[in-house]
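Make a model of the complete structure from these sequences and hints.
Chains as they are written, first to last, in the numbering used here: chain W, 8 to 390; chain D, 8 to 390.
Mixed in with the good hints, there may be bad ones.
Copies of the same chain are indistinguishable here, so a pair counts whether it falls within one copy or spans any two.
To be verified - Below are the DMTMM-like pairs computed for lysine to aspartate or glutamate, each with C-alpha atoms no more than 20 Å apart in a straight line: (1) LYS29 to ASP348; (2) LYS162 to ASP10; (3) LYS335 to ASP325; (4) LYS109 to GLU319; (5) LYS214 to GLU198; (6) LYS73 to GLU385; (7) LYS236 to GLU226; (8) LYS14 to GLU195; (9) LYS109 to ASP318; (10) LYS162 to ASP60; (11) LYS73 to ASP230.
Just so you know, these hints were derived from the structure itself, not from any lab.
Protein chains: 2
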Amino acid sequence: MIDPVNKLNLSGDRFDVVYHVKGGRVEVDLIAQDICIEQTIEFPADLISADDDIRNHIIGQVKDIKQLASEVWEVTISFAIEVTGFTLPQLINVIFGNISIKPNIRIAKLDNLPQSLLGHFRGPRFGSAGLRKMVDQPTRALLCTALKPMGLSSKGLAQQAYEFAKGGMDFIKDDHGLANQPFSPFRERVELCAQAVERANQETGYKCRYVPSLSSPFETLMDDAYFAKECNSGGLLVAPGLVGFDTMRALADDDDLGLPILGHPSFIGSYAISPNDGLSFYALFGQLMRLAGADASIFPSYGGRFSFSKDECMSIADGTQADMSHIKTILPTPGGGMTLDRVTELHDFYGSEMMFLIGGALHRGDHGLIESCNGFREAVENA
Amino acid sequence: MIDPVNKLNLSGDRFDVVYHVKGGRVEVDLIAQDICIEQTIEFPADLISADDDIRNHIIGQVKDIKQLASEVWEVTISFAIEVTGFTLPQLINVIFGNISIKPNIRIAKLDNLPQSLLGHFRGPRFGSAGLRKMVDQPTRALLCTALKPMGLSSKGLAQQAYEFAKGGMDFIKDDHGLANQPFSPFRERVELCAQAVERANQETGYKCRYVPSLSSPFETLMDDAYFAKECNSGGLLVAPGLVGFDTMRALADDDDLGLPILGHPSFIGSYAISPNDGLSFYALFGQLMRLAGADASIFPSYGGRFSFSKDECMSIADGTQADMSHIKTILPTPGGGMTLDRVTELHDFYGSEMMFLIGGALHRGDHGLIESCNGFREAVENA
Numbered sequence: 008m009i010d011p012v013n014k015l016n017l018s019g020d021r022f023d024v025v026y027h028v029k030g031g032r033v034e035v036d037l038i039a040q041d042i043c044i045e046q047t048i049e050f051p052a053d054l055i056s057a058d059d060d061i062r063n064h065i066i067g068q069v070k071d072i073k074q075l076a077s078e079v080w081e082v083t084i085s086f087a088i089e090v091t092g093f094t095l096p097q098l099i100n101v102i103f104g105n106i107s108i109k110p111n112i113r114i115a116k117l118d119n120l121p122q123s124l125l126g127h128f129r130g131p132r133f134g135s136a137g138l139r140k141m142v143d144q145p146t147r148a149l150l151c152t153a154l155k156p157m158g159l160s161s162k163g164l165a166q167q168a169y170e171f172a173k174g175g176m177d178f179i180k181d182d183h184g185l186a187n188q189p190f191s192p193f194r195e196r197v198e199l200c201a202q203a204v205e206r207a208n209q210e211t212g213y214k215c216r217y218v219p220s221l222s223s224p225f226e227t228l229m230d231d232a233y234f235a236k237e238c239n240s241g242g243l244l245v246a247p248g249l250v251g252f253d254t255m256r257a258l259a260d261d262d263d264l265g266l267p268i269l270g271h272p273s274f275i276g277s278y279a280i281s282p283n284d285g286l287s288f289y290a291l292f293g294q295l296m297r298l299a300g301a302d303a304s305i306f307p308s309y310g311g312r313f314s315f316s317k318d319e320c321m322s323i324a325d326g327t328q329a330d331m332s333h334i335k336t337i338l339p340t341p342g343g344g345m346t347l348d349r350v351t352e353l354h355d356f357y358g359s360e361m362m363f364l365i366g367g368a369l370h371r372g373d374h375g376l377i378e379s380c381n382g383f384r385e386a387v388e389n390a
Numbered sequence: 008m009i010d011p012v013n014k015l016n017l018s019g020d021r022f023d024v025v026y027h028v029k030g031g032r033v034e035v036d037l038i039a040q041d042i043c044i045e046q047t048i049e050f051p052a053d054l055i056s057a058d059d060d061i062r063n064h065i066i067g068q069v070k071d072i073k074q075l076a077s078e079v080w081e082v083t084i085s086f087a088i089e090v091t092g093f094t095l096p097q098l099i100n101v102i103f104g105n106i107s108i109k110p111n112i113r114i115a116k117l118d119n120l121p122q123s124l125l126g127h128f129r130g131p132r133f134g135s136a137g138l139r140k141m142v143d144q145p146t147r148a149l150l151c152t153a154l155k156p157m158g159l160s161s162k163g164l165a166q167q168a169y170e171f172a173k174g175g176m177d178f179i180k181d182d183h184g185l186a187n188q189p190f191s192p193f194r195e196r197v198e199l200c201a202q203a204v205e206r207a208n209q210e211t212g213y214k215c216r217y218v219p220s221l222s223s224p225f226e227t228l229m230d231d232a233y234f235a236k237e238c239n240s241g242g243l244l245v246a247p248g249l250v251g252f253d254t255m256r257a258l259a260d261d262d263d264l265g266l267p268i269l270g271h272p273s274f275i276g277s278y279a280i281s282p283n284d285g286l287s288f289y290a291l292f293g294q295l296m297r298l299a300g301a302d303a304s305i306f307p308s309y310g311g312r313f314s315f316s317k318d319e320c321m322s323i324a325d326g327t328q329a330d331m332s333h334i335k336t337i338l339p340t341p342g343g344g345m346t347l348d349r350v351t352e353l354h355d356f357y358g359s360e361m362m363f364l365i366g367g368a369l370h371r372g373d374h375g376l377i378e379s380c381n382g383f384r385e386a387v388e389n390a
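Here you go:
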């Protein structure tokens, strides 16, 4: 037995995690209890006194179990805010750390996050409104494209960036596979591309922003981010799967850096695509991206090279917009094989509170990139 | 068309990723081609000249497609080493970044990694042999336990650490849920637990090592690691899912820090448990943990609270031991609900090249922790 009996000085504030659990009724009760233990004390509850605060408050508490379908249940579990240590890594640890290893448990959403917890997270620095303001586009859907393909020289990519900017893109991001390769070293590329976009902006009067991909090693990541800022980059493309969710959060929180973040889904798809495990599209690409400071959430739209359904895409958009107190809403940014002829359809689907991401398709056809971009912009303006 | 034609100065060295792909024959050919593009240029190949090095060398190359079972194929794809930028985040990006978002593709293993790539990774600083040396146990399986439950005061945890050390444990780790919570702040806990273990070591002559859990925010993580070292901690428990694989790698690579790393599976289980997606147990808990610097790979053994099968556990053990040039072998560390009565069985299964992790079960029974630990140690010595 744990001795003496622990009396903790807890606030009493709790937050909810809504899980979808697969199984029969008896099984679900056991799984629910298991989540409560596994995500907190990982210890036999019977070895803790009945009047111990660890047993009564630290262990998760089943708030509700509701049947959604045959063998599918919505299980709501509350946790004391203190178990999160008020940090993102430990919040992730509590909501899905060890149970990520158990099948048939999926996070549907985080819910009822009290201000006493949320207040420790700043979320996106700019959010949708901030991104709109910096490119002077208060209402229409924003336009994003990507520098590619990997293997092009920094000079070649900068020329591409120049043409994209001339064509009226709002954001030009590096392809997420552009890192610090010998054919286009990070600092060389960032300097040339930022200059190219600045030159185009001077010619056009647009406020296009160049967004380098930042996937640097831990030791140089912050320095590289500052280098990008010094070059007048307009943001950072960050994949939390590659550098860590909390690393992205730290980049967003850095007041001196102060750059917007486009969140990229590289390496985190596995959390979403298995229907009975991981995190829902809503929680992962919406809520978690926002808590981790992304100002836009890039994801592969339905109907492109990837397999997301319309419902899944809409739930991502919902997750980017849902009320989370002071945590700003962000722009859902569907990409992954989008084409110009789908602009109207996608606009009808997502509405104007989004950012289009069209990459490779702008290179198609006999005309140049500038003309392709003009077509893209006009299609969005007329959608 | 991409113009002019790119002539890159590549080494010609390539490495292989072996994927398991689900689907019919025609589908698999398409998926294989898709991986080659998606993980590199993300660009229509037909817009690149036939004699361009991007088309001929940067795009992944299908080396082999072999049928494993009905609708299951082993697809081997090679990538130019240069596309990795010789960093861990970009290596992860290339092997599984975007295709993590596509169903029915699973990494079976990394293969044929040339020294020109591997040489950029130091891997585990100590590895199995190093861990054995630091606790003076050259041959028998090592003994690890965990401080728990969450909610206990630092003083209570330190008392527990003292008793575990007196009982002859080799490594005493924080439970991975111990972070920087108000009931046991990180620095207070680390100081007290490290002192407690040191005191016990002076009394016993053992070389027990205290291993605090490090899941600090990005801004303080390295400082907290150094604080742990200054307190004479004997290692760090790091969950790459919580802080990032490359953050763990940076902790392992830091020469001034020089602490061994126990790698924890929190939040990365989702990669392994869906049989057709993600990464194999071998690749994730073996190869990737080693590339990211873990000296031991903790995983939930078959027959405990989790669902891993015997085969899956054995493939993890294989992944920790397989030849990877200078990348050291590490200790598979099965835990997750292990009990004393299973020591002989587990020892027969894994062999002595492993570390036992038994936590909660040591608290069972009428006797104290020291006696439980003695029983644990004797069981392993006699196994």
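Results of checking the hints against the structure:
Proximity of LYS29 to ASP348 under the C-alpha cut-off of 20 Å is found in neither arrangement, the shortest distances being 40 Å within a copy and 32 Å between copies. For the identical chains of this complex, LYS162 and ASP10 are inter-copy neighbours only, at 12 Å across copies versus 67 Å inside a copy, given an alpha-carbon limit of 20 Å. Taking the shortest Cα distances, LYS335 and ASP325 sit within 20 Å of each other inside one copy (13 Å), while across copies they are farther apart (46 Å). Proximity of LYS109 and GLU319 under a CA criterion of 20 Å is satisfied inter-copy only: 14 Å between copies versus 23 Å inside one chain copy.
In this assembly of identical chains, LYS214 and GLU198 lie within 20 Å of each other by CA distance solely inside one copy; the values are 18 Å within and 52 Å between copies. Proximity of LYS73 to GLU385 under the C-alpha cut-off of 20 Å is found in neither arrangement, the shortest distances being 48 Å within a copy and 48 Å between copies. In this assembly of identical chains, the alpha carbons of LYS236 and GLU226 lie at most 20 Å apart whether taken from the same copy (18 Å) or from different copies (19 Å). Taking identical chains as interchangeable, the C-alpha atoms of LYS14 and GLU195 lie at most 20 Å apart only when they sit on different chains, with a minimum of 18 Å there against 58 Å within one chain.
For a Cα distance limit of 20 Å, the shortest separation of LYS109 from ASP318 across copies, 17 Å, qualifies, whereas the shortest one inside one copy, 26 Å, does not. In this assembly of identical chains, the alpha carbons of LYS162 and ASP60 lie at most 20 Å apart only when taken from different copies (16 Å versus 62 Å within one copy). Taking the closest pair of Cα atoms, LYS73 and ASP230 never come within 20 Å of each other, the shortest separation being 49 Å inside a single copy and 45 Å across copies.
Hint violations for this structure: numbers 1, 6, 11, all remaining hints satisfied.
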